[in-house]
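Trainee: Next come the chains, spelled out residue by residue.
2 protein chains.
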Amino acid sequence: MMIKYPNGLIYHIKKNNNKKNKKIKKNRVFNAANRGMRFENEINKTNDFYLKKNIAIITKRPTPINVVKVKYHNNSAIITQAYFEKQSTTDYNGVYRGYYLDFEAKSTKNKNSFPLKNISINQINHLKKVVQNKGIAFFLIEFYTINKVFFLDAKYVIKCFQNKKKSSISLNEIKKNGYQIERKLTPIYDYLNCKYFKNKI
Amino acid sequence: MMIKYPNGLIYHIKKNNNKKNKKIKKNRVFNAANRGMRFENEINKTNDFYLKKNIAIITKRPTPINVVKVKYHNNSAIITQAYFEKQSTTDYNGVYRGYYLDFEAKSTKNKNSFPLKNISINQINHLKKVVQNKGIAFFLIEFYTINKVFFLDAKYVIKCFQNKKKSSISLNEIKKNGYQIERKLTPIYDYLNCKYFKNKI
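As you go down the protein sequences, you meet chains A and B in turn. Under the working numbering, the residues of the first sequence are numbered 1 to 201, in order. Under the working numbering, the residues of the second sequence are numbered 202 to 402, in order.
Errors might be hidden in some of the hints.
[To be verified] Subject to a maximum C-alpha distance of 16 Å in a straight line, what follows is the list of computed EDC-like cross-link-like pairs (lysine to aspartate or glutamate): (1) A:K129 / B:D249; (2) B:K330 / A:D48; (3) B:K272 / B:E286; (4) A:K159 / A:E173; (5) B:K399 / B:E374; (6) B:K360 / B:E383.
I should point out that these hints are in silico values taken from the structure, not numbers from a laboratory.
Construct all of the structure, not just a fragment, from the sequences and the given hints.
Mentor: Below is the structure:
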């Protein structure tokens, strides 16, 4: 997602500390995290549907956490100091009809373009390797403000990322090179049903 | 691995607290964790080799951690209370020549058999689904005491697990139905080079 940290913690703060909640709402970073998390949850629900219907197994990699201090109490370990680490790969991978799938879900509030700074060099390097190893690599990009979601082949994104003159991919380019994923009730974003897979698999 | 928790923490304790270290050495649970971690590290090194040589991308899923409390200090999040959670799937997955791979590495100090209680029902259910979705699912089993490692198709392990009369798989059965992976310098356990893949891919 666009800004992943602190993953899921926002809810905890919201529940327990109203003062902090107000402070957070003013902070754009946290709003971006909220937006990212909402999209992530919709992808997770889609993946739960795929799992239940035995269409595919797509799992989200847990956020890596660097554990520094642990206490032992009644034979159980309690982590007392730890930090969130950046994912060095993508958020999602899995299997669809025997094929390996690997992708990243991103959300932007921009209306006309997707800023490439939302993607890390680690993610690009990982997806390049996935392509080299014949895996299916892509992005799911949400334009939050205009309420549209697109499937975009990672090969195209890698090409744009490597073009030093390019700082973003326009919505028109995404429409031309990607596939729009319509929002439905169940599954919410049926991305495995998009034309890309019909041509490929 | 056989006992996964507390993943990687043992090293921290060893470095910083000699008293605790002595206590841990007496504890068989921690010895099992150490043995599991050593085997896990050898698999990780093998996977690093595969990644560098562009043979395959196999990643280890981070241990899921349930974050309970977080403090914010200078705009950075510090986790002050969290717990290790059980992996609901397997430890490793990835892509090899476009195919989806999913496996679990287990270590036992038994000499003649692998106890099935080392495998959780969640792992069996996950691997069943992987097989149904045409992924390649297997176990890497280390017999620590006799210094032998085997590749065993998950379909065979699932069959044994479902046989209620069976509490373990004998070494002879593993030799007959699996493939021994010889220990080498680099990569340590070249499991993608075993006969299973030569027949399959």
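Trainee: All the hints need checking, so say for each whether the structure fits it.
Mentor: Here is what the structure says about each hint:
no.	hint	verdict
1	A:K129 / B:D249	13 Å, holds
2	B:K330 / A:D48	13 Å, holds
3	B:K272 / B:E286	21 Å, violated
4	A:K159 / A:E173	13 Å, holds
5	B:K399 / B:E374	21 Å, violated
6	B:K360 / B:E383	26 Å, violated
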